[in-house]
Amino acid sequence: MSIKTLKTFFVVAASAVLFFAAVPSFAKEAPKVITIGTLYASSGPFATSSTSQYEGLKFWVSQVNKHGGVFVKAFNKKIPVKLAAYDDQSQTATAGMLYNQLITRDRVDMLVSDFGSVLTSVAVPLAKVHKILLFDPTGTAAKFFTPDNQFVVLCSLPTSGIWPYALADFLVQKKIPRVAIVYSSNDFNQSQAVTLHDKLVKAGINPVYYEAVPTNTSNYSVLLHSIQATKPDAVIEFGFVPNDIAFLQGLQASALKFKMVFTIFPGQQFDLIKKNVGAKALYYTYTYPTPPLLKYSDINYGPSLDKFEKAYKATGKKVDFLVVAGYNTGLIMQKTLETATGFDQSQFRKAVADFSGKVKTLDGQFEVDAAGAQTGEMLPVAQFVPKGAGGIGMTIVYPKALKTGSEVYPAP
Amino acid sequence: MLKKYFPSLGVILAIVAIFIGLPHFYDNQSFLFNLMLYLALAEGLNIIYGFTGYLPFGYVGFFGAGAYGGAIAITLLHISPLLGVLVGGVVAVLTGVILIPLLRLSGAYFAIANLAASQALYLVVANPSLEKITQGPYGIDLSSVYNANAGYFAMLGVLVFAMALVAYLRNSNFGLSLLAIKEDRVTASLAGVNVIRARSIAWMLSAFVAGMSGAVFGWYTAVFYPSTVFSLDVSVFTIVFVLFGGIASVAGPLIGALILYSMYNFIGISTPQYFQLFYGLLIVLLVLFLPDGVVSLLKKGKVYVP
Chain A
29 MSIKTLKTFF VVAASAVLFF AAVPSFAKEA PKVITIGTLY ASSGPFATSS TSQYEGLKFW
89 VSQVNKHGGV FVKAFNKKIP VKLAAYDDQS QTATAGMLYN QLITRDRVDM LVSDFGSVLT
149 SVAVPLAKVH KILLFDPTGT AAKFFTPDNQ FVVLCSLPTS GIWPYALADF LVQKKIPRVA
209 IVYSSNDFNQ SQAVTLHDKL VKAGINPVYY EAVPTNTSNY SVLLHSIQAT KPDAVIEFGF
269 VPNDIAFLQG LQASALKFKM VFTIFPGQQF DLIKKNVGAK ALYYTYTYPT PPLLKYSDIN
329 YGPSLDKFEK AYKATGKKVD FLVVAGYNTG LIMQKTLETA TGFDQSQFRK AVADFSGKVK
389 TLDGQFEVDA AGAQTGEMLP VAQFVPKGAG GIGMTIVYPK ALKTGSEVYP AP
Chain B
5 MLKKYFPSLG VILAIVAIFI GLPHFYDNQS FLFNLMLYLA LAEGLNIIYG FTGYLPFGYV
65 GFFGAGAYGG AIAITLLHIS PLLGVLVGGV VAVLTGVILI PLLRLSGAYF AIANLAASQA
125 LYLVVANPSL EKITQGPYGI DLSSVYNANA GYFAMLGVLV FAMALVAYLR NSNFGLSLLA
185 IKEDRVTASL AGVNVIRARS IAWMLSAFVA GMSGAVFGWY TAVFYPSTVF SLDVSVFTIV
245 FVLFGGIASV AGPLIGALIL YSMYNFIGIS TPQYFQLFYG LLIVLLVLFL PDGVVSLLKK
305 GKVYVP
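In order, the protein sequence lines correspond to chains A and B.
First residue of the first sequence: 29, per this note's numbering; consecutive thereafter.
First residue of the second sequence: 5, per this note's numbering; consecutive thereafter.
Misleading hints may appear alongside valid ones.
[Stated by the list, open to error] Label pairs and their calculated CB-CB ranges:
| hint | chain 1 | residue 1 | chain 2 | residue 2 | range |
| --- | --- | --- | --- | --- | --- |
| 1 | B | 113 | A | 239 | 32 to 42 angstroms |
| 2 | B | 204 | A | 381 | 51 to 61 angstroms |
| 3 | A | 90 | B | 29 | 35 to 45 angstroms |
| 4 | A | 244 | B | 136 | 16 to 26 angstroms |
[What the hints assert, rightly or not] Restricting the straight-line Cα-Cα distance to at most 27 angstroms, the calculated cross-link-like pairs of lysine-lysine (DSS-like) are:
| hint | chain 1 | residue 1 | chain 2 | residue 2 |
| --- | --- | --- | --- | --- |
| 5 | A | 345 | A | 303 |
| 6 | B | 7 | B | 306 |
| 7 | A | 428 | A | 202 |
| 8 | A | 227 | B | 136 |
| 9 | A | 86 | A | 60 |
| 10 | B | 136 | A | 230 |
| 11 | A | 345 | A | 415 |
| 12 | A | 171 | B | 136 |
| 13 | A | 156 | A | 101 |
Quick caveat, the hints were computed from the structure, so don't treat them as lab data.
Model, not experiment: these values are computed from the prediction.
Glycine is no exception: its CB is placed at the ideal position from the N, C-alpha and C atoms.
Whenever a hint applies, use it, and build me the whole structure from the sequences.
If you want it as structure tokens, here you go:
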């Protein structure tokens, strides 16, 4: 073999190596359809929330398919999306088996977890082992997001520990000296209570009441009188929807008055809670407002809330926060596919890291830390106020950037 | 002497071969794991219910105690997960020892008292004041030792142990004495059976199997909450599987769990809306026409059921 032939051989070989290294994505054939796997609960304790989240995700699928599918940068073309969904009936063991079914049998391209931390908990280790990126809409437990796990991304809510940041700042800024905190004993509520407690103590406010109650507490009347005995100015109740309903009902029945009362879920499940406790019970109480009660401006990705509401209402269903959360998860996956230069899970994760902090959707700023925990979305503080005859409105009172009015404090 | 164990040994070897071979043909390891879990629990329940007639509605209490016992040992004492599985079994046995006085009750009274005990245990474990030990209601995280394949084979080990125990009871004098207790405690006692000792041993063996199963489940799941491992669904599923298959044999609970759990998953996945109706009808028909379970059909046909 002559030197010239050898040189030619090396040039051709090097060119081939460079070509395949430079355009690895085109080496893979584009799939006919992008399969997204998810679970929902049609029965059991998580059914109401899970179904809403699932409806939001389904709506996103229908919207992208209406426009010919989702643009996949790795293949430089639009590809239709298919949703593979199973019913876990709110059972974790069943959910674990079904997540595995989606990963190993259905070989989905992208995986979305069911609502909340309990049903997400079984998906996190499976995603890690099978090296598939888990798009987690609402599983906010901090323990899911560890530096050694690169396969989970929280999409539509911040981790629960940072929810009360604005609330704590508001209490400190208002110089409310006597704060009572009662929380349901579960991961979600405890992490919020701990954050709030620590921030208040740091600011020199020692909560006058700080107690956990069982998550299945349905009667707060005795507790309310115990809280009253500590003479608090503000009463903060962290619970799930049934806790908030029971607490607000108990408060109304007891005729006790506090200068400020805060509960979580009226800002997320407004219609449901209003139906159960009545508008009057919500007057002058505070909450974390979320879309559709909260409208973000300067959205740079996906539709505005108004456009989304209009399109979604055309299906004959009502928008609540979890519908937005499910839809927003779809948007984050869409952005991932539009950004990822390769069609594999590590490229998806890299894409998420690339657009983190640069995307603002109808659900707010999308920003995740190195472990995949959501840090961009922030939950402001809002107050419900009477509006018209028997009606109810909402004023965002903190932070300043989102403020729509001043709080009525103390509550009349 | 050992010849009488051969049919049971055949069943055990077949089950081992199935669960070693199946992952090569079927990818969903979690389904196979859950199937083994319920097979082991069904055999564990069979020890106390099938041989002595005590039906523990709160059987899940042992399962949860084992899951937490194993997980706490792994997280606080930093022992290996396999040792944690054994600790889980031991914790469940200790729970069983505390609950031995319940065996003085019988029938529905025992079932209800046992159910209450399991719920009391759940509330103790989920108590926020015990956060430093049990993590209270906030869930326990074993992701640092998560190993799906090791967990799978540990579950197979527990299942083999449970089947071997039942095979022993099926073919030994001790098993016969338990069956005598089931028929009539007083007569058994008069015939020389130490009723209290025998039923207590069966109770603790049953607890040991459930505890080890719970510990492996916790290891395999990695992150779990008290509501997950003390869920009454675990008791209900196990009891139904045992009743469906038939009691006091190695094969009965295996048949029940294999058929019903597979059906639960395949119908539950394809047509979840019809699943509960189908399952309910099946159980009604079973109670009406096959009260002694599917194995009674084989027994009627003079087929020996190991």
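A quick look at each hint next to the structure:
Against the hinted window of 32 to 42 angstroms, the Cβ-Cβ separation of residue 113(B) and residue 239(A) comes to about 36 angstroms, which satisfies the hint. About 59 angstroms separates the C-beta atoms of residue 204(B) and residue 381(A), a value consistent with the hinted range of 51 to 61 angstroms. Taking 35 to 45 angstroms as the suggested C-beta distance range, the pair residue 90(A) and residue 29(B) conforms, at roughly 36 angstroms. Range check, residue 244(A) to residue 136(B): about 23 angstroms between beta-carbon atoms, so the 16 to 26 angstroms window is met.
A threshold of 27 angstroms between alpha carbons decides the hint, and for residue 345(A) with residue 303(A) the separation of about 17 angstroms falls inside it, so the pair holds. Under the criterion of a C-alpha separation no larger than 27 angstroms, the hint pairing residue 7(B) with residue 306(B) is consistent with the structure, at around 19 angstroms. Taking the CA atoms of residue 428(A) and residue 202(A), the gap is about 13 angstroms. The hint holds against a cut of 27 angstroms. Between residue 227(A) and residue 136(B) the alpha-carbon distance is near 22 angstroms, which keeps this suggested pair within the 27 angstroms criterion.
Distance check on the hinted pair: residue 86(A) and residue 60(A) sit about 19 angstroms apart at the alpha-carbon level, within 27 angstroms; holds. Restraint check for residue 136(B) and residue 230(A): satisfied, since their Cα atoms lie roughly 23 angstroms apart, inside the 27 angstroms limit. About 25 angstroms separates the Cα atoms of residue 345(A) and residue 415(A), which keeps this hinted pair within 27 angstroms; it holds. A hinted pair counts as satisfied when its Cα atoms are at most 27 angstroms apart, and residue 171(A) with residue 136(B) qualifies at roughly 16 angstroms.
Among the hinted pairs, residue 156(A) with residue 101(A) is consistent with the structure: their alpha-carbon atoms are about 25 angstroms apart, no more than 27 angstroms.
Hint check: no violations occur; every hint is consistent with the structure.
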